[in-house]
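With chain P fixed as given, assemble chain L onto it according to the hints.
So the chains spell out like this:
2 protein chains.
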Amino acid sequence: MNIEMIEAAALRLQGHARHTPLLSSPFLDEIAGRRVLVKPECLQLTGSFKFRGALSAVSALDPKVRARGVIAFSSGNHAQGVALAAQMHGVPAVIIMPADAPALKLANTAALGAEVVTYDRATEDRDEIGARLAAERGLTLIRPFDEPQVIAGQGTAGLEIARDAKALGIERAEVLVCCGGGGLSSGVALACAAHAPGLRVRTVEPEGFDDVKRSLAAGEIRRNPALTGNICDAIVTPQPGDLTFPILKELCGPGIAVSEHEALAAMAQAFLRLKIVAEPGGAVSLAAALYHADELEGDTVIALISGGNVDPEMFSRALATL
Amino acid sequence: MNIEMIEAAALRLQGHARHTPLLSSPFLDEIAGRRVLVKPECLQLTGSFKFRGALSAVSALDPKVRARGVIAFSSGNHAQGVALAAQMHGVPAVIIMPADAPALKLANTAALGAEVVTYDRATEDRDEIGARLAAERGLTLIRPFDEPQVIAGQGTAGLEIARDAKALGIERAEVLVCCGGGGLSSGVALACAAHAPGLRVRTVEPEGFDDVKRSLAAGEIRRNPALTGNICDAIVTPQPGDLTFPILKELCGPGIAVSEHEALAAMAQAFLRLKIVAEPGGAVSLAAALYHADELEGDTVIALISGGNVDPEMFSRALATL
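Residue numbers (this note's numbering), protein chains in the order written: chain P, 1139 to 1460; chain L, 1139 to 1460.
Next comes chain P alone, as it looks inside the complex (with noise of 0.2 Å):
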């Protein structure tokens, strides 16, 4: 990984994702107590940025090979960035997702154009029915983070941020980050070593999902106990990947950890006061910056809301916290 693919995705996504805005609000920064900029990428194309990295992922692929089609194993957002990216390019996506997935969210990636394959998880192996989906189509797999060409894509986010910040004067900031396996966050901090090496990113997860925080307090890779049973499900994995660790141990700061509530208060605040749509998982480092002011450093906090696909009860609870 290097910062020569990031800038090489990004010129890959020009015209195709958006870049997204820097949003603020002065009750925010009352709140927090220092400044706070939000980069809402719940705008990205899709609802989340999941669409860099599949697009800079499929964009990246041999026009041979992409021409038989790409595959993923997703129930949420990765799922339909890659859906999007693939139809974009006009060539087949098939989508593995459990048979009791959400039925909203087999219809979206359906309804982009992708062969959804649903399995019982039960008593079916994804991996057994992928391999033999890929083998017989000749599909190349797009892992969710662990894939250099997705780990650059999420990075063209972190160029937007430094891009965008120095347009505002900034030189030094925190820019936490939502993380599940790390894909988002070791772009984004490579971006910014990179092009603005005053931001330093800093991860922020669920309470009791925090893999990434304690295996950054260890030095080495520690596991999530389990995998089930928090709201912010779309970044909760099992752990750091084995690319991203090394990247996020090298440039970023410790690890934070936020609770349901406090991630259910960002949603709220990003509501009345940016107008803007975030999911449990999304919001985590809005959270963080809101509600965890005495474990940053700085006058000024950068706050990556990674995605905006929420339920509307989920959204209702996060509500009834105003």
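Misleading hints may appear alongside valid ones.
The list treats identical chains as one, so a pair stands whether inside a single copy or across any two.
Unchecked claim - Straight-line C-alpha distance at most 25 Å; calculated SDA-like pairs for lysine to any residue:
id, residue 1, residue 2
1, Lys1304, His1157
2, Lys1304, Pro1159
3, Lys1304, Gly1153
4, Lys1243, Arg1173
5, Lys1202, Arg1281
6, Lys1387, Arg1281
7, Lys1243, His1430
8, Lys1202, Gly1276
9, Lys1243, Asp1258
10, Lys1243, Arg1455
11, Lys1304, Arg1156
12, Lys1304, Pro1392
13, Lys1243, Glu1145
14, Lys1243, Ser1163
Think of the hints as simulated: they come from the structure by calculation, not from any bench.
Just chain L now, with coordinates in the frame of chain P:
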């Protein structure tokens, strides 16, 4: 009113107001049966386009006059726009609001540094209170729409639409604009006429409060029979302005009126597909794009969502339509 005033306002606003993007979703295109682009002025500072006009008017004042301060009558988006514009210039703002305005609106306006003066709707005359304060302190009144520099400021949103549509290769489109007194609609119409003559503005209002639609049809100003009783309260005004109506009459197509249910359903689609928060009056434009396809022409429609200042209860009501 002329295009030079709008371009001058754009220069004054540069670096202070946000250039809002054009958002889209294939799911919205499918509902509408044509390409739908959304300009989210809910993402503007203070959560609505009103900040543009307010900043334009305040920044156009002679510095000595401005230093004495400004005054506005508003319980809504105009109040916050004027408060922030005055704060940015470091001059006093007095906002006259009914004492029974929602507590959150009173608090938000005061938090932006304005002096909020309340009056009793039943027993006091707000114009008398405003005139007395203005005379005592030398304050300049900032009218909400029938004011050249306010129209010029709102027109800057039209300059952005013209430029961004051109960048997307769009030469012809209907531009749907939420319409109260007509400040935004007339400003956008002037900007489009000058810079993108293939873009035609259509005003959108709530059913039963469609004074502009009826005025356009009659060729002369018509009044609304009532001023309360609709969830789109932000865009309910007695009648089109004396300055705005001649512009609308010259440049706009027929007006459109949408139901409360359509406004709520459009808010829900903006949540689901664009991840933005629209208020009922701000969503009528998207409602027209999605649910009044037979009243529109061409293969592309641009809907300007004018604001996102909505309380959680009303937003939950919109989500319940999904």
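Against the structure, the hints:
1. For the identical chains of this complex, Lys1304 and His1157 are neighbours both inside a copy (15 Å) and across copies (18 Å), given an alpha-carbon limit of 25 Å.
2. Taking the shortest alpha-carbon separations for Lys1304 and Pro1159, both the intra-copy value of 13 Å and the inter-copy value of 20 Å come in at or below 25 Å.
3. For the identical chains of this complex, Lys1304 and Gly1153 are neighbours both inside a copy (22 Å) and across copies (14 Å), given an alpha-carbon limit of 25 Å.
4. Taking the closest pair of Cα atoms, Lys1243 and Arg1173 come within 25 Å of each other only across two copies (23 Å); inside a single copy the shortest separation is 36 Å, beyond that limit.
5. Proximity of Lys1202 to Arg1281 under the C-alpha cut-off of 25 Å is restricted to the intra-copy arrangement: shortest distance 19 Å within a copy versus 62 Å between copies.
6. When the C-alpha separation of Lys1387 and Arg1281 is checked against a cutoff of 25 Å, the pair qualifies only within one copy, where the shortest distance is 21 Å, while the shortest distance between copies is 56 Å.
7. For the homomeric pair Lys1243 and His1430, neither the shortest alpha-carbon distance inside one copy (32 Å) nor that between copies (28 Å) is at most 25 Å.
8. Only within a single protomer do Lys1202 and Gly1276 lie at most 25 Å apart by alpha-carbon distance; the minimum there is 11 Å, versus 73 Å between protomers.
9. Taking the shortest Cα distances, Lys1243 and Asp1258 sit within 25 Å of each other inside one copy (16 Å), while across copies they are farther apart (51 Å).
10. Both within a single protomer and between protomers do Lys1243 and Arg1455 lie at most 25 Å apart by alpha-carbon distance, with minima of 20 Å and 23 Å respectively.
11. In this assembly of identical chains, the alpha carbons of Lys1304 and Arg1156 lie at most 25 Å apart whether taken from the same copy (19 Å) or from different copies (17 Å).
12. Taking identical chains as interchangeable, the C-alpha atoms of Lys1304 and Pro1392 lie at most 25 Å apart only when both belong to the same chain, with a minimum of 24 Å there against 45 Å between chains.
13. With identical chains, the CA atoms of Lys1243 and Glu1145 are never at most 25 Å apart, being 31 Å at best within one copy and 45 Å at best between copies.
14. In this assembly of identical chains, the alpha carbons of Lys1243 and Ser1163 lie at most 25 Å apart only when taken from different copies (15 Å versus 32 Å within one copy).
Hints 7 and 13, counting from the list given before, are not met by this structure.
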